[in-house]
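Note that the protein sequences, when read in sequence, are chains A and B.
Using this note's numbering, read the first sequence as starting at 145 and increasing by one per residue.
Using this note's numbering, read the second sequence as starting at 145 and increasing by one per residue.
To be clear, the hints were calculated from the coordinates, so they are not data collected in a lab.
Certain hints may be false.
To be verified - Chain A is faced by these chain B residues, among others (derived, beta-carbon under 7 Å): (1) LYS324; (2) ASN330; (3) THR426; (4) THR550; (5) LEU552; (6) VAL588.
For each residue, glycine too, the CB sits at the ideal point set by N, CA and C.
Number of protein chains: 2
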Amino acid sequence: MALVQDFAAIVGAANALTGDDTARWSKDWTGKYCAQPGVVLRPASTREVSQIMALAHANQQSITPVSGHTGLVGGTYAPGGVLLSLDRMNTIHAINPAARTATVDAGVILSSLHDAAEDRGLIFPLTFGARGSAMLGGVISTNAGGSNVLRYGNTRGLVLGVEAVLADGRIVDLMTALHKDNSGLNLAQLLIGSEGTLAVITKAVVKLSAKPRNVVTAMAAPRGLADALALLNRLQDATGGAVEAFEYMPKHYIDVHLGRIAKSKPPFAKSYPHNLLIEVATTTDMNVTEVLETELAALIETGAVLDATVAQNIAQRTEMWERREAAAELTFWRHPIVDTDIAVPLDQVEPFLDKINARVAQIDPKADPFYISHLGDGNIHYAIYPSSDDADLKDRLVEAVEDVVTTLGGSFSAEHGIGLSKLNTMRRRKDAVALDMMRKIKGVLDPDAILNPGKMIPDQS
Amino acid sequence: MALVQDFAAIVGAANALTGDDTARWSKDWTGKYCAQPGVVLRPASTREVSQIMALAHANQQSITPVSGHTGLVGGTYAPGGVLLSLDRMNTIHAINPAARTATVDAGVILSSLHDAAEDRGLIFPLTFGARGSAMLGGVISTNAGGSNVLRYGNTRGLVLGVEAVLADGRIVDLMTALHKDNSGLNLAQLLIGSEGTLAVITKAVVKLSAKPRNVVTAMAAPRGLADALALLNRLQDATGGAVEAFEYMPKHYIDVHLGRIAKSKPPFAKSYPHNLLIEVATTTDMNVTEVLETELAALIETGAVLDATVAQNIAQRTEMWERREAAAELTFWRHPIVDTDIAVPLDQVEPFLDKINARVAQIDPKADPFYISHLGDGNIHYAIYPSSDDADLKDRLVEAVEDVVTTLGGSFSAEHGIGLSKLNTMRRRKDAVALDMMRKIKGVLDPDAILNPGKMIPDQS
Chain A
145 MALVQDFAAI
155 VGAANALTGD
165 DTARWSKDWT
175 GKYCAQPGVV
185 LRPASTREVS
195 QIMALAHANQ
205 QSITPVSGHT
215 GLVGGTYAPG
225 GVLLSLDRMN
235 TIHAINPAAR
245 TATVDAGVIL
255 SSLHDAAEDR
265 GLIFPLTFGA
275 RGSAMLGGVI
285 STNAGGSNVL
295 RYGNTRGLVL
305 GVEAVLADGR
315 IVDLMTALHK
325 DNSGLNLAQL
335 LIGSEGTLAV
345 ITKAVVKLSA
355 KPRNVVTAMA
365 APRGLADALA
375 LLNRLQDATG
385 GAVEAFEYMP
395 KHYIDVHLGR
405 IAKSKPPFAK
415 SYPHNLLIEV
425 ATTTDMNVTE
435 VLETELAALI
445 ETGAVLDATV
455 AQNIAQRTEM
465 WERREAAAEL
475 TFWRHPIVDT
485 DIAVPLDQVE
495 PFLDKINARV
505 AQIDPKADPF
515 YISHLGDGNI
525 HYAIYPSSDD
535 ADLKDRLVEA
545 VEDVVTTLGG
555 SFSAEHGIGL
565 SKLNTMRRRK
575 DAVALDMMRK
585 IKGVLDPDAI
595 LNPGKMIPDQ
605 S
Chain B
145 MALVQDFAAI
155 VGAANALTGD
165 DTARWSKDWT
175 GKYCAQPGVV
185 LRPASTREVS
195 QIMALAHANQ
205 QSITPVSGHT
215 GLVGGTYAPG
225 GVLLSLDRMN
235 TIHAINPAAR
245 TATVDAGVIL
255 SSLHDAAEDR
265 GLIFPLTFGA
275 RGSAMLGGVI
285 STNAGGSNVL
295 RYGNTRGLVL
305 GVEAVLADGR
315 IVDLMTALHK
325 DNSGLNLAQL
335 LIGSEGTLAV
345 ITKAVVKLSA
355 KPRNVVTAMA
365 APRGLADALA
375 LLNRLQDATG
385 GAVEAFEYMP
395 KHYIDVHLGR
405 IAKSKPPFAK
415 SYPHNLLIEV
425 ATTTDMNVTE
435 VLETELAALI
445 ETGAVLDATV
455 AQNIAQRTEM
465 WERREAAAEL
475 TFWRHPIVDT
485 DIAVPLDQVE
495 PFLDKINARV
505 AQIDPKADPF
515 YISHLGDGNI
525 HYAIYPSSDD
535 ADLKDRLVEA
545 VEDVVTTLGG
555 SFSAEHGIGL
565 SKLNTMRRRK
575 DAVALDMMRK
585 IKGVLDPDAI
595 LNPGKMIPDQ
605 S
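Next up, chain A with everything else stripped away, as it sits in the complex (with noise of 0.2 Å):
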């Protein structure tokens, strides 16, 4: 098309690549997304992303933004169209170690950022396995989570302020560094996690913390879940909520790990039903290797934990982690695949287990449930390998998961966000005057829906 050749002026014919040049973009994580943009331009300023889409909205071409390609519900999934790579924006304009923050350009990798922060003696917490690839612009689109949730809250929290570039090609500066700032709509938020359905984020202040001093990392083999919280609320208590990561793995998980990743270890000797990875880390000197381990001897005592071991090393706490951060790998190989990534109150995870294993078992005796979660934050990401790939099956059991989470008041979409995989999800449960008001905003802000086209927002029906 004409229109590539002028898109192609914008950002230099080197920075429009077309076919085989694509191929980054064309593969997907999950497996399930896969295609072929027609064309992915990678603009090098913010000035050159307002170019291209005050093109696009003078053609009304859509237009999909893309930053690390790392998501895992389909938000960059554009077979022929055109994607907008922010991977090019990618300076860490400033750290300031005063104010604890950061100012970056959307395409800097969230790994990037970490190293910064270090070398400044501080940290920016948000992280999670895909961190090597993920960039700020898809982690502030999608208000992404991960595993120190629980200690740092989530990316809306992290994050002061935004620049964004409009459907319309305007340039909106929202950029503060300010913890109070009370100017208005706060239009920042409302972008934050509209996975590039609203505006196209370019760059961002985000929040960093002091460097924990002393950090200790342990895997825990806890009784039954209800064990785990408790173990979860001494270990608070203990620390002035200093439990950066509380995460579950059941025996299936640990197996699977096994059986598929080359030189993994097993967590303990034995084997449990139940694994946590427990990670506490302070900036004062309190001593939380003995805090944990005297909680956990406590624990053990009781018989309410049944095995613990505490890295004694980098080596260790590396390979406590990677066992973790594995879970995507473990979890998308297989297909077909229904996933889901839900939350619930945090004492409600093992009821959840009880009734959704109950109801797959039902529905499909041959489906395989595969999980693993943030049991810190009643965050599930629950994998159901059903016996065949019936998409009436499929939205059966995805309809199972969705009516046991709605009866323990949980939500059906807690940090992978909407994209493609769950509109329907979107259309069935959430509050229908909430999605007219996301349909109106949508309306207003990108009235020719040009921006991430068919995504997260429903349509009516």
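Dock chain B against chain A, hints included.
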């Protein structure tokens, strides 16, 4: 008007107040926005709020929501208009100690929530001087700040879910108690801080925190503001971020407090130019009193702190807080007044004060600046008593504050909101594209502009 009778039929005649019965809503803390409303409607339920809005919608009747009526920016000013008071909807529906959440109606008084949380060994950390009258609906609608934002964040970070009634009477259910919930645009975050212009907030789920076991409160006289900042950083490092309040009062404030409040006492035997109220609190067994005394002693040794006194009992702690919390009373008794509420990066508070005091002296040599600061947030309530009530003079003073704030990378509106008092500033200083987005969102969610018209979002002009 006949419409009043229809409204009265919804809430009951006894709850549709007119004339002298509206006295409580005809006064205003600031003295600037006193006006008798035409009628005050006091619904008892979300259903009644919905019916009121549906009727208003059908008749294009403006409605101004009000709860505690303690705002400082004219956000509930509606001379002759229809006030919708949430004060009868004052039930605390649930305190969930396990999940550390509370479910509250919009008319719950802030201090009632404090008390209810304390009864369960928890706290709702947001607090400020007007807590005995302010209600959660207003707290959420204005994204209120206060003295503990440094430690616990502002309202936006403490609200998990809301229920609200839209301009056309529809109820939107965004009630969630989950810490992870990515299900479409975050409409709750859009409504928080929207000052009643988009919806009437009727209910909310808010986060509670563990009640600190060890608390210490002190007054300190730093040599200068740079020394104060150094003290803050030392305390944060030594306590792992346990500083709950770090409040600044200059000598002028102390003097006015002594002059105007019966039984007030000076903080120190001597008078100092700079005075801090410091509170540190922890859920751990850390001896925060010892830590604070050690840090203060070290800085007294170097001369960075000139004097300090640690509260020895509840009476002394109360005295310290009463001094600080008299701020609104001490600010708004005198007229004419130019009232601002700004924020700058932490290290720019002193430059801000130096520059603005010089500018004010230039513009109006007889003007008297009066200020106090949430120093830990870089938030300064900078008021000026000009030599005359001349509108042009007052506007020049406001513009001078805006100029200095802009130069220092600050915000012209930190925590009190925009209401009527900062409409000109919004028009002049807020990003033009952001203003356009706000107008578009307002236009599509409240097309007849019946919800708190004329507030927060300036007209195009």
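Classify the hint on B/THR550 as holds or violated, based on whether any CB of chain A lies nearer than 7 Å to its CB. 12 Å, violated
Closer than 7 Å between Cβ atoms is the bar; does B/LYS324 clear it against chain A? Give me holds or violated. 4 Å, holds
Hinted contact B/VAL588 with chain A - closest CB pair below 7 Å: 4 Å, holds
Quick check on the hint: B/ASN330 CB to chain A CB, less than 7 Å? At 5 Å from the nearest chain A Cβ, B/ASN330 passes the 7 Å test, so the hint holds.
Next item in the hint list is B/THR426. Is there a CB on chain A closer than 7 Å to its CB? With Cβ-Cβ at 6 Å, under 7 Å, it holds.
Holds or violated: B/LEU552 as interface residue toward chain A, Cβ cutoff 7 Å? 11 Å, violated
The structure fails to meet hints 4, 5 from the earlier list, while all remaining hints are met.
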